[in-house]
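Asker: Residue-level listing of the chains:
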Amino acid sequence: MEDSPATNFQDLKSTQTQNYLHDTIQVPDDLQANVMVTTLDKVYNWSRTSSMWPLLFGLACCAIEMIATAASRFDLARFGMEVMRPSPRQSDLMIVSGTVTKKMVPAIVRIYNQMAEPRYVLALGACATGGGPFKEGYNVVSGIDTYIPVDVYVPGCPPTPEALIYGLLKLHKKVERQSIAKVSWYKKNTSEFIPIPVLGPDVFDPRQVEMIREYTLGAGAVRGPAAAEVRVLPQLLTADQKAHLEQVRARYLAKVKQPA
Amino acid sequence: MFGTGLLKGLGITLKHALDTFADDRKHVPSRYQDSVKGGNGRRVIEQPITQEGLLTIQYPEERRLLPERFRYIPMLIWDTQANEDKCTACGICAKVCPPQCIWIVRDMDANGKPVARPAEFYIDAAVCMSCSFCVEFCPFDAIKMNHDFELAVYDRYPQLVYDKAELTVPVEYYAALWPTQWAAEEEAKRQKEAEDKAKAEAKAKADAEKAAKAASAAAAKPAPAAVEAKASAPGEAVASNGGVVVASADGGATDEAAAKKARLDELKRKAAETAKKRKDGGA
Amino acid sequence: MTELVAEAPVVEQTADAAYPYNNVVPGAVIGRWAEGSDPALVVAPDKLIALLTHLRDQESYDFLSSVTCVDYSAYAGKARAGIKERFDTVYHLYSTQKGGGHINLHVRVPEGDSVPSATSVYPGANLQECEVYDLYGIKFEGHPNLRRVLLWEGFNGYPMRKDWKEAYFEEENKPFKNRHPAEGYFWHEDKLPWGSNSTYPEGWDPESWQTPISYVPVSQAPEGLGYDSEKSNVGAVGELDTQSIVVNLGPHHPSTHGVFRMLARIEGETVLALEPEMGYLHRNHEKIGERNTWLMNMPFTDRLDYINSMSNNLGYALAIEKLANIEVPERANYIRIIMAELTRVVNHMWSIGFILNDLGALQTPALYAIEEREMILDLFEAVSGSRLMCNYMRFGGVVRDLPAGWLEKAKYMVDTRLPNVLDELDRLITGNEIMMARGRGVGYLSAKDLIALSVSGPMIRAAGVPYDIRKAQPYCIYDRFDFDIPTLPESDIFARYYIRLLEARESVKILKQALRDIPGGEFLSTRDKYTFRPTEGEAYVRVEAPKGELGFYVVSDNKANPYRYHVRAPSFINLNALGPMSVGYKIADAVVVLGAIDIVLGEVDR
Ligand code: SF4
Ligand code: SF4
Ligand code: SF4
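Residue numbers (our numbering), protein chains in the order written: chain U, 1093 to 1352; chain V, 801 to 1083; chain S, 11 to 616.
Just so you know, these hints were derived from the structure itself, not from any lab.
Chain V is faced by these chain S residues, among others (derived, beta-carbon under 8 Å):
1) P185
2) Y195
3) M306
4) E391
5) V409
6) G441
Ideal Cβ positions, reconstructed from N, Cα and C, are used throughout, including at glycine.
With the hints as constraints, model all of the structure from the sequences given.
Answerer: Here is the structure:
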């Protein structure tokens, strides 16, 4: 290489640091490319992005930063978002702000189901994104996206108000690329209903019942009331059991794919 | 009296509005005139504690001046002078990380022997709690806290598991973000070097003297001289050890340089790839 | 007695009379457990209630601070050689009249045995015993409503037991070995076929699963509606022929300050009974804390009461310093006090704002409070790098010195801004008609009841009890400062609001002195403590956090990880009083009563 590697490397690094220095907001290439944005779309999206009402919904520490964002210093009113609606029926955006616990997740899914389309979800903070520092905990869901679809993830613990606003702007970009002709929510029966997780011995997703059944009642499993005390741990699986698991998973995946 | 509470409240709100106005007047033409710093006409605002009234920061257009100690997600430092990672893959940061979100794969040399640099370095940003322990305990100043908080992505995995290419920044970037601390570190380094040098010189001198003395006094009393020589041995061992390391680096200069270059190229390629991936938002 | 017991260094097995209190409650104390700096008495389970009654009535130990449990089945220290009982229930009692230190009682039971419930002597044991039952499976005999408070009915097992493992379990202790040198990144979700953090017992059939009733039965109101004759607001509901219904508030409800749930039995609009239901933010703080190394817990404490991370840091640091006898340099002590008091101001402004929010003064007062809070958060950020999760204190001091120019800013804040803004809030709120109408005489509970319910902090000071740990048992260097403990006699919503304002003013007073006197010098006495192992023993340290008494109970078996790590969370225990305080008032008042307790869910559920 002719030029000194150091300068060149810095050039490369600027792809990362320019975020910090300039106000570019990146948009997925596919969204950029394939949508012809019409005037109607522009109006449609302009009105939606400038009054995207969030759900007043705080879970944990990140909610405090969300409140700080809504307060006068960072002022969500500048984005038409100051009306935080306590009712899911009236809100467009769910900001999942904080640790999602197993005990709470049925309520969150229920609230999500109650939101009217078009609805968006922003996972605020490490916890909502992927479990965060409490990921290993027995009552913690590793990321809300295991249950409901998430549009934008904002990492950080806690994300500063600016980081949240940046995430919101990214969401605006996403919305701006949608076309009224193509969006799914004007078609029939397209609003997805997410089955509500059930609190059993541990939380379980009704969609996964088949798989769990195969696992707990499958060949080799101990039956009877005494077995309820034995907790199944992945570390303790024998090679046979692991193979069995793989089969279960494959069958499950095949099943999931078929009806679509 | 009914209604006084209402009037009082409105009065206080009015006072805040007027305060804002008055505070603005104090700084003609604008209250943040001194703080225009960022590129692209974006203003970086340092809000004085004496400010009255409204303190809104219009974030995407303006930004708050982050204090130097601000921490978000860690970054790895690339030593641009030596042109290598500062990290030696010692693993201390992975040990102290409370949620255990650092994964370090040690690099191997051609013979499969582990060497003191990371081949891969992962931080799971969806787990990291921004506690800064990794920074505090790194003995080589190789990992620091980044101020970049604009990390929102459209997809979580693997975008938020930062690999080495995404984490690495040149040391100048760090120096720009953390000027005070960087200066302090440099100062400490210089001092330590000077001290080491002085010590080494003093020791060499003392040794030489001792040796001379010992030689001259050898016939008279041989035993104490031997003890003294022993006492000074550890220091010498360290010095000579350092010498050996330097020598070997010098010796294998050409190979090392080639390997380094290859590694750098690899890193660049990865950086470009991951930057693109992140840009795509995992679509 | 066997050889083993004879060898055990700290368990004395001498004649009964040698132990204290055996002359008054014969046979109650059966041993001494004098580890570290915290001497404790071992009590016979069947004599516990008699001893507690004696301590409360005769020795004025009227405040049950903490009830918790330790599972000693994996204990590696020497001090417990020869002791067979697996579980050890631990009680810490204080006196709000005498002040001073605690009495520490241990009740040892083997697995499967139950412990008599302390609720008949100290009603405040209610939620804490529920928690122990929930996490350890210990039954408390005589408890009125023993239930799972943090987890749900039907949950498999008792997670705080040492042999209970979660789905993402990797190793007993951190650091995990596979992080360095690693094979590459490993995604936890790949561990289980369903890609989430849950396990199911073998033989369990999800299709036939019937969720046990998760509703907490709401107990009936006591005789008559006038639960407490001193209450003024009790409506004349009895005249109508009405039927009581159960109203559920939460876990997603704007009035519950997070994910909290209240079940209220109401008749008309009057609350007959009210039960709190929590656990929606149960993040397994203690289980994770026992896997962490000692130091790793420091940033986790930030996330307990996430409005006051500095106070949490302080409490934890003090606990470990007591356990390991670490000296703190002078400057660090001052810095700690400055941070703790700034935190108190932040918290009180925040809570005042949100009490008003609950009263219907939507947002305006809260916005003013938050504005000033932002300026203080800037100070925190400049010092520690983060607005909320400061992670600033270490064992033996603070992690970094104050940056240049910080003290001047802080002085301006304390001398000019804070007095102004507190006066402004005072002017704005104190005389306000709505505040008076909704706050005066609402949510009354007598001081005696509050103490019996283990309520602490501003809540009891608003009931006229001048009890503040900073005075009663000074820690850090609080004894050097000149400040008062404000009290108000009314014990209603208004008093609970106003006491916070007064306390914030006292904090400003302390801050002024601390900023004036702060010396130079060292700020950290020991460095590089990530491999730190305190000697065997236990310690219970409490601090006056803005929300009340925050205690840390730690047991060390001389390993790099805490053997037991328990947090006595003021928000959680103050909720004991929620039901009794709301009964007899309107359902809309229950919301404000909750707001005035000032809870933070991160601390309630941990
Ligand atoms: S990401 Fe951090 S700040 Fe946010 S909820 Fe989780 S622990 Fe709290
Ligand atoms: S970043 Fe520092 S502590 Fe971590 S492996 Fe590299 S040199 Fe060691
Ligand atoms: S900041 Fe803390 S959590 Fe994040 S990588 Fe470093 S040590 Fe781990």
